[in-house]
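Number 106 in the working numbering belongs to position 106 of the sequence shown; there are no gaps in the numbering.
If you are wondering where the hints come from, they were derived from the structure by calculation, not from laboratory data. We put the CB at the ideal spot given by N, CA and C, even for glycine. It is possible that some hints are incorrect.
[Said to hold, decoys possible] Listed next, the in silico DSS-like pairs over lysine-lysine satisfying Cα-Cα at most 30 Å (straight line):
1) 64 x 45
2) 356 x 371
3) 244 x 371
4) 356 x 31
5) 64 x 244
6) 45 x 65
7) 7 x 371
8) 65 x 7
9) 45 x 31
10) 371 x 64
11) 45 x 371
12) 356 x 8
13) 244 x 31
14) 8 x 65
15) 64 x 8
[Stated by the list, open to error] Computed Cβ-Cβ distance ranges for the label pairs, DEER-style:
16) 194 x 43: 21 to 31 Å
17) 133 x 261: 37 to 47 Å
18) 281 x 57: 17 to 27 Å
19) 135 x 259: 38 to 48 Å
20) 308 x 125: 43 to 53 Å
21) 57 x 112: 22 to 32 Å
22) 244 x 82: 32 to 42 Å
23) 132 x 309: 48 to 58 Å
24) 41 x 82: 30 to 40 Å
25) 307 x 16: 17 to 27 Å
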Amino acid sequence: MPEIIDKKVNLEFPLGHHLHCMVAQIPNHLKRADIGFSLVDAEEKWRLVSSILELVATGEGNLKKLHFLLFPESSIPLSRFDDLLTIIGQRFHNNTVTVFGVEHIRLRRYRDLLERFREDNAEAIALVDHDIDSGDVLDMPVNWCCIAVKEADGRLRVFLEAKSHPFHGEEYIDKYHDLYRGRHFYLFRSRPSCFNFMAIICLDYLYRDLYTSNIRQIIDHSNQLFFTTRQGLDALFVIQCNPKPEHRAYRDVISGFYGEYLEDTPGVRETVTVFGNASEDTRIEDSYAENAFGCSYVVINQNHRLAQVSFSEFATDNFDGAPVCRLRFGRGTRLLYFNLPPQHEIDPRTSRVPLKVHSIMAVHGVAGWRKINVDDQTAGSDSKTLFSANG
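Throw the hints in and build the complete structure from the sequences for me.
Structural data, given as structure tokens:
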């Protein structure tokens, strides 16, 4: 089972106020390569990613408040990894966290990157080295992500995680097509704001056997944090390239996570879980799956009050009767900008809605984004008006 490693980061989030998150629900076009899967259109993809980075770096209007930016699993060209870090380090606002999945690489290359950022990944290096010493694994493909934290003083810290479970395209009879299984997750404890968060990749939210599971381990670790510090896990970010984001398995795990069916879970009771998926235009090996991909969503405890709405671009529900409130977005290529609810259960005397959609943007022109009007019920509207759902 992956080990959970606590990391302290210097993030001065506004105390007692909600934070802001953007999910870049953009398409992936992947093909099988010598090393796992790679992007078919790397330069075109980088142009799309660059337009998002420019939007965030410029920070016009409410985007000045952005704290978390999520890109899908396997969505960043490896050749542009350093370029992305440079833009974050030089142009992003302080107190910003960017989570992004990168093209697959061999384990030997992943180990080199961990060494490059040893100051932030020393514990992870020890875990990877244990695997390297135990067998011939250096050529195994790694599905990995980066959590880039630009701290309050402008320092850029770079944390790397490897996915611990394959998706269907990685399960192959040839041993050297097997995915390397990551051995760690980071739990970030931000100071002085005391906001604790994690980021994992897709099926790592589900992976389990008859006796153990990643999500149970996260719950137990968060409970221990609660019992020793009276803090919990405030946010869990799950980046995906998932053709079945609403599979029953997700609902089952979400129900267990929030429902306390097996044990009391004070460490995750107020956790906000954000699932950021690739858009419906995603293709793997040129295969087409109807109504696949897309559908990013945000889940909070059912004790929060969430308005019941249904629009072309988003809706709220309880995920087929799960003990949660869910904000579910559509499947198109979109930038989804919303706030993360405050850490603690909402005062039952107030009518204020804890989760608000600030804006949804669609691609406009070659390298631009336009805001979509919530009043237009037709998917794919050409409206350029900002919308905000205020309950």
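Right, here's what the structure says about each hint:
1. Between residue 64 and residue 45 the CA atoms are separated by roughly 25 Å; this keeps the pair inside 30 Å, and the hint holds.
2. At most 30 Å may separate the alpha-carbon atoms for a hinted pair to count; residue 356 and residue 371 meet this at roughly 16 Å.
3. For the given pair, residue 244 sits about 27 Å from residue 371 by alpha-carbon distance, which is consistent with the 30 Å threshold.
4. A hinted pair counts as satisfied when its Cα atoms are at most 30 Å apart, and residue 356 with residue 31 does not qualify at roughly 37 Å.
5. Distance restraint check for residue 64 and residue 244: the Cα-Cα separation of roughly 33 Å exceeds the 30 Å cut-off, and the hinted pair is therefore not satisfied.
6. This hinted pair checks out: residue 45 and residue 65 have alpha carbons roughly 26 Å apart, not beyond 30 Å.
7. Under the criterion of a C-alpha separation no larger than 30 Å, the hint pairing residue 7 with residue 371 is inconsistent with the structure, at around 36 Å.
8. A distance of roughly 24 Å separates the Cα atoms of residue 65 and residue 7; the hinted pair therefore holds under the 30 Å criterion.
9. For a cut-off of 30 Å, the pair hint linking residue 45 to residue 31 stands: about 14 Å separates their Cα positions.
10. For the given pair, residue 371 sits about 16 Å from residue 64 by alpha-carbon distance, which is consistent with the 30 Å threshold.
11. Using a Cα cut-off of 30 Å, the hinted pair residue 45 and residue 371 holds, with the two alpha carbons roughly 21 Å apart.
12. Taking the CA atoms of residue 356 and residue 8, the gap is about 29 Å. The hint holds against a cut of 30 Å.
13. Annotation: proposed proximity of residue 244 to residue 31 holds, straight-line Cα distance about 19 Å (limit 30 Å).
14. Proximity of residue 8 to residue 65 is assessed by CA-CA distance (about 22 Å); at most 30 Å being required, the pair is judged to hold.
15. Note on residue 64 and residue 8: the hinted pairing holds, with a Cα-Cα distance of about 24 Å set against a maximum of 30 Å.
16. For residue 194 paired with residue 43, a C-beta distance near 42 Å fails the hint of 21 to 31 Å.
17. Judged by the Cβ atoms, the range 37 to 47 Å given for residue 133 and residue 261 holds: they are separated by roughly 40 Å.
18. The hinted range of 17 to 27 Å is satisfied by residue 281 and residue 57, whose Cβ atoms lie roughly 25 Å apart.
19. The supplied range of 38 to 48 Å is met by residue 135 and residue 259, whose beta-carbon atoms lie about 39 Å from each other.
20. Between residue 308 and residue 125 the C-beta distance comes to about 48 Å, which sits within the given range of 43 to 53 Å.
21. The hinted range of 22 to 32 Å is satisfied by residue 57 and residue 112, whose Cβ atoms lie roughly 28 Å apart.
22. Roughly 33 Å separates the CB atoms of residue 244 and residue 82, a value that falls within the hinted 32 to 42 Å.
23. Between residue 132 and residue 309 the Cβ separation comes to about 51 Å, which falls inside the hinted range of 48 to 58 Å.
24. At roughly 20 Å, the beta-carbon separation of residue 41 and residue 82 lies outside the given 30 to 40 Å, and the hint is violated.
25. Between residue 307 and residue 16 the C-beta distance comes to about 22 Å, which sits within the given range of 17 to 27 Å.
The structure fails to meet hints 4, 5, 7, 16 and 24 from the earlier list, while all remaining hints are met.
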